[in-house]
Amino acid sequence: MQERPDANAMASMIGGKQDSVESEYIRFDQLTALVIDDMGAMRHALRSQLQWMGMNSVKCVADADEALEALDITRYDLILCDYNLNKASSGQHFLEHLRHEHLISAKTIFVMVTAEAEYAFVANAAEFAPDDYILKPCPEKKLRARLERLFDRRNFLLTALTAMDAKDYPLVVSECERLLALTTNERWLLAGLKLKAEAQHAMGDTPGMLKTYEQALALRDNVPWVKIGIARVRLLMNELVAAEEMAKQIIADNPNYVAAYELLADIRRIQKDEDGAYQLMEQSAKILPTAKRFRSTAESAFLLGKLDEAKTLSQSAIKLSGGSMTERPDDYLSLAQIQTDMGDHQAAIQTLEKSARKFEEKGSFGISKNAILAQAYADAGDTAKAKKLLERSQRLLTPESDSTAMNMLGKAAFKMGDPILGMKMLTQAVQSSGEERERIARHVTKSMIDTGQHDKIDEVIDAGQKRILLLVEEAKKAMHVAQFDPAYEKVLEALEIQPDNLEALLAAAQLHLLWLKQEGMNDEVKERAKGYLATLDKLVPHNEKVMGFYRFYNQLTGE
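Numbering (this note's numbering), first residue to last: 96 to 654.
Take these hints with a grain of salt, some might be off.
Simulated pairs of lysine-lysine, DSSO-like, Cα-Cα distance not exceeding 27 Å [as the list claims (entries may be wrong)]:
1. Lys-367 / Lys-381
2. Lys-202 / Lys-231
3. Lys-572 / Lys-519
4. Lys-612 / Lys-625
Derived CB-CB ranges, DEER-like [to be verified]:
5. Asn-333 / Gln-125: 45 to 53 Å
6. Lys-633 / Leu-230: 50 to 58 Å
7. Asp-513 / Glu-639: 16 to 24 Å
8. Val-576 / Lys-414: 20 to 28 Å
9. Ser-143 / Gly-438: 55 to 63 Å
10. Ala-629 / Val-576: 24 to 32 Å
11. Met-437 / Met-616: 53 to 61 Å
12. Pro-494 / Asp-368: 33 to 41 Å
13. Pro-232 / Ala-261: 35 to 43 Å
14. Asp-513 / Pro-581: 43 to 51 Å
15. Ser-143 / Gln-441: 33 to 41 Å
By construction, these hints were calculated from the structure, which means they are not laboratory data.
A quick note: this is a predicted structure, and the numbers were derived from the prediction, not measured.
Glycine included, every Cβ here is placed at the ideal spot set by N, Cα and C.
Hey, can you work out the whole structure from these sequences and the hints?
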């Protein structure tokens, strides 16, 4: 069979854009595939179809857990996944988990196999969309044609996708720009622009993201991911009205598009409307139920004091993920804390006993578990048992212990009548919370209210932190609209309060990188950027965001 010319070679030969550039003939015999379906007959049928195309390396599994095990061993070129995996999960839930946890390569093509009725719903609901949907039944020739088009697109963007896997975001951007100049194929252009925007987001390049999304919008004005991207950028630029209007328009056009509800919830939080945010998150979880959505909605309900709702949502998160490889120990901790706050001490103890059979008692989980048990036994009147558990929780503390664990330990200390330990733990929880500072501050505030420490909230939450948060927020607003000097003044003021504040240092590094990108090389700005990156590298070595900043710096400076 005659081979088709390579996309880049063809474009170079004729020196212009191509309306329909195709890559080389797809060698299915060199590709690997993973088929996920809970029905044996369907697995067999899909395997046979792929083998008919010449694909010899085909792995078949029955559920998401088996799929995760396979993905831990092999990087597949293609995943064919049934939408209805089982009663507890779905192909969409699995895809969201893979994308969110970065468990598959950017080069892997994910195709959802679905019935027509399911497609009509999920295609309009999900932000994490697969590369394509295939409706059952799908004839062999039609399946092959669809896969050829998908691999043509992948091969066209291959260098950019490879850079994405390497987290070399500046290279992703430059490769996308180079490749997009070679074609007029609308689908390829949109795929390339989406990839470019993802890389710009990783680098914190807000103006670049906006420009990229606007290019995509000019191609097609009815694509939800483009509009939600613009809305998110508007929110980053503190244009709340524009962001809210676009999110509402997305919902009007696509009532099941969950990302728009979640963006509106973020806006409500900024507006200090926590109840409004909760209602939007609740809608999102009803439309497309996943453990992650139940988890975040349960947290919102808990912080609002809606304990009955929080309990139901937390139990739903456990039910969806329980017994699977996506199960999280934090779900049991959250449920037990809710049960303790509801006064159901025995239920909390049973929940944590159940978790003990699943998770090893060490690290932050061990600290939190013993702290919650101490609260439960203290409330039940068993002071001696509670004291032993509190001491065990303290013994597990390390400098690396997370803020959530320290918050739970601090709450237990106040309940046990140890205000010195309580103040120490809750203050440290806020100070070490980094980019999660606002969320942790809300949890700490609730812990203090629950233990009758209303008069000490400002002392614990502040300790200079409120001012730092405000200054960093103002700096980000200024940098996103290219007001670099005012942004720098805000960052400097924040770092004067706490020189090692992680959030302020990250903002400082991002500011200086955008400064260099927008206004060109400046030795003073360059040296300051280098200094902030070096400080961050010492504080959080091997941090993914900092490594991304380093790559961006190297591209800008040529070092």
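Evaluated hints:
1. Lys-367 / Lys-381: Satisfied, since the Cα-Cα distance of roughly 23 Å is no more than 27 Å.
2. Lys-202 / Lys-231: holds, 25 Å
3. Lys-572 / Lys-519: violated, 33 Å
4. Lys-612 / Lys-625: holds, 14 Å
5. Asn-333 / Gln-125: 45 to 53 Å: Holds - the Cβ-Cβ distance for Asn-333 and Gln-125, about 49 Å, lies within 45 to 53 Å.
6. Lys-633 / Leu-230: 50 to 58 Å: Since Lys-633 and Leu-230 have Cβ atoms about 54 Å apart, the given range 50 to 58 Å holds.
7. Asp-513 / Glu-639: 16 to 24 Å: Given about 37 Å between the Cβ atoms, the range is violated.
8. Val-576 / Lys-414: 20 to 28 Å: At roughly 45 Å between Cβ atoms, Lys-414 and Val-576 fall outside 20 to 28 Å, so the hint is violated.
9. Ser-143 / Gly-438: 55 to 63 Å: Because 58 Å falls inside the window, the suggested range holds.
10. Ala-629 / Val-576: 24 to 32 Å: Since Ala-629 and Val-576 have Cβ atoms about 28 Å apart, the given range 24 to 32 Å holds.
11. Met-437 / Met-616: 53 to 61 Å: About 59 Å separates the Cβ atoms of Met-437 and Met-616, which means 53 to 61 Å holds.
12. Pro-494 / Asp-368: 33 to 41 Å: With Cβ atoms ~37 Å apart, the hint holds.
13. Pro-232 / Ala-261: 35 to 43 Å: Taking Cβ atoms as reference, Pro-232 and Ala-261 lie about 39 Å apart, which means the hint holds.
14. Asp-513 / Pro-581: 43 to 51 Å: holds, 45 Å
15. Ser-143 / Gln-441: 33 to 41 Å: violated, 54 Å
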